[in-house]
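Using the working numbering, you'd call the opening residue of the sequence shown number 1 and step up by one each time.
Just so you know, the hints here were simulated from the structure itself, not pulled from any lab data. Check before you lean on any hint, since a few could be wrong.
[Claimed, not checked] In silico DSBU-like pairs for lysine-lysine, Cα to Cα no more than 30 Å straight-line: (1) 111 - 383; (2) 212 - 111; (3) 39 - 639; (4) 193 - 285; (5) 199 - 287; (6) 79 - 271; (7) 614 - 629; (8) 255 - 151; (9) 287 - 335; (10) 39 - 67; (11) 614 - 535; (12) 589 - 449; (13) 383 - 39; (14) 692 - 297; (15) 39 - 589; (16) 524 - 639; (17) 94 - 335; (18) 297 - 111; (19) 94 - 285; (20) 212 - 453; (21) 528 - 297; (22) 212 - 151; (23) 297 - 271; (24) 453 - 524; (25) 271 - 85; (26) 94 - 383; (27) 524 - 297; (28) 39 - 79.
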Amino acid sequence: MTIAATIATEIHVRPSQVEAALRLLTEGNTVPFISRYRKEVTGGLDDAQLRHIEERNTYLVELAERKEAVLASIDEQGKLADELKRDILAADTKARVEDLYLPYKKRRKTKADIAREAGLEPLAQLLIDEPTTNPETASEGFLCEGFPDAKSALDGARAILVDRFATDADLVGAVRDRVYAEGTMRATVVEGKEQEGAKFADYFDFSEDFAKLPSHRILALLRGENEGVLTLDLDPGDESVYEGMIAQRFNLPVKDSEWLAKAVRWGWRTKLQISANVDARMRLKEKAEEGALEVFKTNLRDVLLAAPAGQRVTLALDPGYRNGVKCAVVDGTGKVLATTIVYPHQPQNRWDASRAELASLAAEHGVELIAVGNGTASRESEKLAGEVADMIAKAGGTRPTPVVVSESGASVYSASEIAAEEFPEMDVSLRSAVSIGRRLQDPLAELVKVDPKSIGVGQYQHDVNQTALAQMLDAVVEDAVNSVGVDVNTASAPLLERVAGLSGTVAKNIVAYRDEHGSFTTRKELGKVPRLGPKAFEQAAGFLRIQGGTDPLDASAVHPEAYPVVERIASVTGLDTTQLIGNTAVLTKLAPADFADDTFGVPTVTDIIAELDKPGRDPRPEFKTATFKEGVNEVKDLKPGMILEGTVTNVAAFGAFVDVGVHQDGLVHVSAMSDRFVSDPHDVVRSGQVVKVKVMDVDVARNRIGLSLRLNDDPANPSTAKPGKQARQQAGKNSGKGGHGGQGGRGGGRGRRQAKGAQGGSMADALKRAGFGN
């Protein structure tokens, strides 16, 4: 099969679609551009499909190149038989190619090679053909220099057989797959490391099948091993099964020959088991990394595409005790209007003065929102913000809305080169307050300035392949930015740099041109920006918005190349563009096929009509904030049975963490998320979502909070909760994982100790083991 046909089979599309996508990618087109504006060419492939095509094409090209190299090497040796060539060309993985290449790979001389050169191969064959022959007697006719006695000669014959086992591609592949399918991971604590490695306590006596190990647990085990706390043993299972596979593959009469049976056992233990375990470990790591990357990707996308509060004047508070609360007022465009530091908390306790100063600042600038960072002193500062808002309301002004905002990554931004360029004269601590305010107004525009690994939504992010992680994160940010679109007259250079087709240099040039010449009035004007050539314009134009420009289409996602389609629609309807935009009554009656041609097909025309109906529509949800319960400020204030509002801060394979305003996130275990079966928590909640939860259990000493999304669950008697059959089955499956909330969490004690999972123990430990915030 061709590369295009192979990929097409994997993603269930036509080979012609893949070929078209590969051609467009090779020509330098970006994934967002192809997905949005070349639907006719690709048959409507979406971003995810295009990125899979791009990734798999790289792998398959490398595979093809490796096949050529292997074929050439074997051919040079004069050993390239037709059947071997067919097998190599048909191989669908790099591992299979390497298996087939094993017997021909250049290597140091082995014991088997020396034995063959000494003429011991006939001895090995004799012992197979005549299994009842006495091995010592048979070896007498093969004694020679280097092999002067029966023992050495028989060892040489065994080495030859073992080499056959270890270089047989079909056997090696079958053993490897079976070990991975049926093997078990076992972990024990290194003696004397019990206290030092307490965070890995759930794995001190652990066992679970490879096939059942989730990604977060694999990474926890590997980290425990790397830190010298755990010893890992990969148990392939019943050895006799694998010995039987070897004997069957080579038709070895092991029942009639003790010597052959021992040779097979030796080959399994010294060669095939070792290589299969190495492969299993590698595959488990790959599986774990894929799972971790998928969690990171989904969470990052949710955070980037969180609801924006919009262009509203915001007072931002970066809370702190001794060093004070850093404050910044930013206008609707994110421009800093004022900064200050107040000291309402211990040890200064200047509450009244701080409240008065902030109320004056808010009134002076017409503040509509008060953003409070969710770090140290957050709840106390939220109370301060509430009193400031009340003071303004009592004075006859419009009460600003206090909102708690995640400050993950704000300190990283404040010390970055980007922040230094934006605010060269501003103190680093005040920059973080600015970032908190801006991320409330527009999370996407602000978070693109922060390394995604610092946003706090990753799972074991430092334990995965960093190149793959960086590529994935870049793709997520690019897709998020282009799905929303960018106002070219207000966007920062870091945001513009994420627009399809724009480099960092061109992004800076756009800002510089804007600063020198004023706001852009048309998309065509972008052509005057240095180094923004025709190709870059083609890729980026549809994602760049110009509000209030001379052409209303420039504020939409309609690409300039498709403006003639809009002109045809306007001509047929008798309306100009301004009258057409937002005219649902007219637009819904149009048939896209009537305006399609050889350049713009029905899919593109359909998109154009939808965009005209709601131009520049934002795909992000409506802005909503969680209201924390009055008087609930610390873990000790929580009581089982309370129903609270909170914000989902992170989603993992085993559940979701929710901030309910007590400085410590609670966990909704996957088994307490719904009355139906939940295979992936992301199907129920997303990072940044406001949810209602019931407090199921509270452990103040260990800062542990169990929550449930099922508000009818009874904390005093979890068994009264009646989820559906599938959910109950899942709770049983997850019962061994430990947990914090709901029926599944309480069922933890019934599971095997060794399968407790990554989230047992204190919440701090759970977070560490889950890899969040690393």
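For each hint, the structure was consulted:
1. In summary, the hint linking residue 111 to residue 383 is not supported, as the alpha carbons are separated by about 77 Å, beyond the 30 Å threshold.
2. For a cut-off of 30 Å, the pair hint linking residue 212 to residue 111 is broken: about 39 Å separates their Cα positions.
3. With a C-alpha separation of about 54 Å, the suggested pairing of residue 39 with residue 639 is violated against the 30 Å cut-off.
4. Among the hinted pairs, residue 193 with residue 285 is consistent with the structure: their alpha-carbon atoms are about 24 Å apart, no more than 30 Å.
5. Of the supplied pair hints, the one linking residue 199 and residue 287 holds, its CA atoms being roughly 23 Å apart against a limit of 30 Å.
6. Distance hint between residue 79 and residue 271 is fulfilled; the C-alpha atoms sit about 24 Å from each other, no more than 30 Å.
7. Distance hint between residue 614 and residue 629 is unfulfilled; the C-alpha atoms sit about 38 Å from each other, more than 30 Å.
8. A distance of roughly 22 Å separates the Cα atoms of residue 255 and residue 151; the hinted pair therefore holds under the 30 Å criterion.
9. Distance restraint check for residue 287 and residue 335: the Cα-Cα separation of roughly 45 Å exceeds the 30 Å cut-off, and the hinted pair is therefore not satisfied.
10. Annotation: proposed proximity of residue 39 to residue 67 is violated, straight-line Cα distance about 34 Å (limit 30 Å).
11. Our distance criterion of 30 Å between C-alpha atoms is met by residue 614 and residue 535, whose separation comes to about 28 Å.
12. For the suggested pair residue 589 and residue 449, the alpha carbons sit about 43 Å apart, so the restraint of at most 30 Å is broken.
13. Our distance criterion of 30 Å between C-alpha atoms is broken by residue 383 and residue 39, whose separation comes to about 51 Å.
14. Restraint check for residue 692 and residue 297: satisfied, since their Cα atoms lie roughly 25 Å apart, inside the 30 Å limit.
15. Taking the CA atoms of residue 39 and residue 589, the gap is near 23 Å; set against the 30 Å cutoff, the hint holds.
16. Proximity of residue 524 to residue 639 is assessed by CA-CA distance (about 61 Å); at most 30 Å being required, the pair is judged violated.
17. Our distance criterion of 30 Å between C-alpha atoms is broken by residue 94 and residue 335, whose separation comes to about 53 Å.
18. For the hint linking residue 297 to residue 111, the alpha-carbon distance of about 49 Å lies beyond 30 Å, and the restraint is violated.
19. Taking the CA atoms of residue 94 and residue 285, the gap is about 17 Å. The hint holds against a cut of 30 Å.
20. Distance hint between residue 212 and residue 453 is fulfilled; the C-alpha atoms sit about 28 Å from each other, no more than 30 Å.
21. For the hint pairing residue 528 with residue 297, the CA-to-CA distance comes to about 36 Å; that exceeds 30 Å, so the pair is violated.
22. For the given pair, residue 212 sits about 45 Å from residue 151 by alpha-carbon distance, which is inconsistent with the 30 Å threshold.
23. As the CA atoms of residue 297 and residue 271 are separated by approximately 39 Å, the hinted pair breaks the 30 Å bound.
24. As the CA atoms of residue 453 and residue 524 are separated by approximately 37 Å, the hinted pair breaks the 30 Å bound.
25. Distance check on the hinted pair: residue 271 and residue 85 sit about 26 Å apart at the alpha-carbon level, within 30 Å; holds.
26. Proposed proximity of residue 94 and residue 383 is contradicted: the alpha carbons are some 60 Å apart, above 30 Å.
27. Pair hint residue 524 plus residue 297 does not hold up; C-alpha atoms about 35 Å apart against a cutoff of 30 Å.
28. Simply put, residue 39 and residue 79 have alpha-carbon atoms about 48 Å apart, too far for the 30 Å limit, and the pair is violated.
Checked against the numbered hints given earlier, this structure breaks hints 1, 2, 3, 7, 9, 10, 12, 13, 16, 17, 18, 21, 22, 23, 24, 26, 27 and 28; the rest are met.
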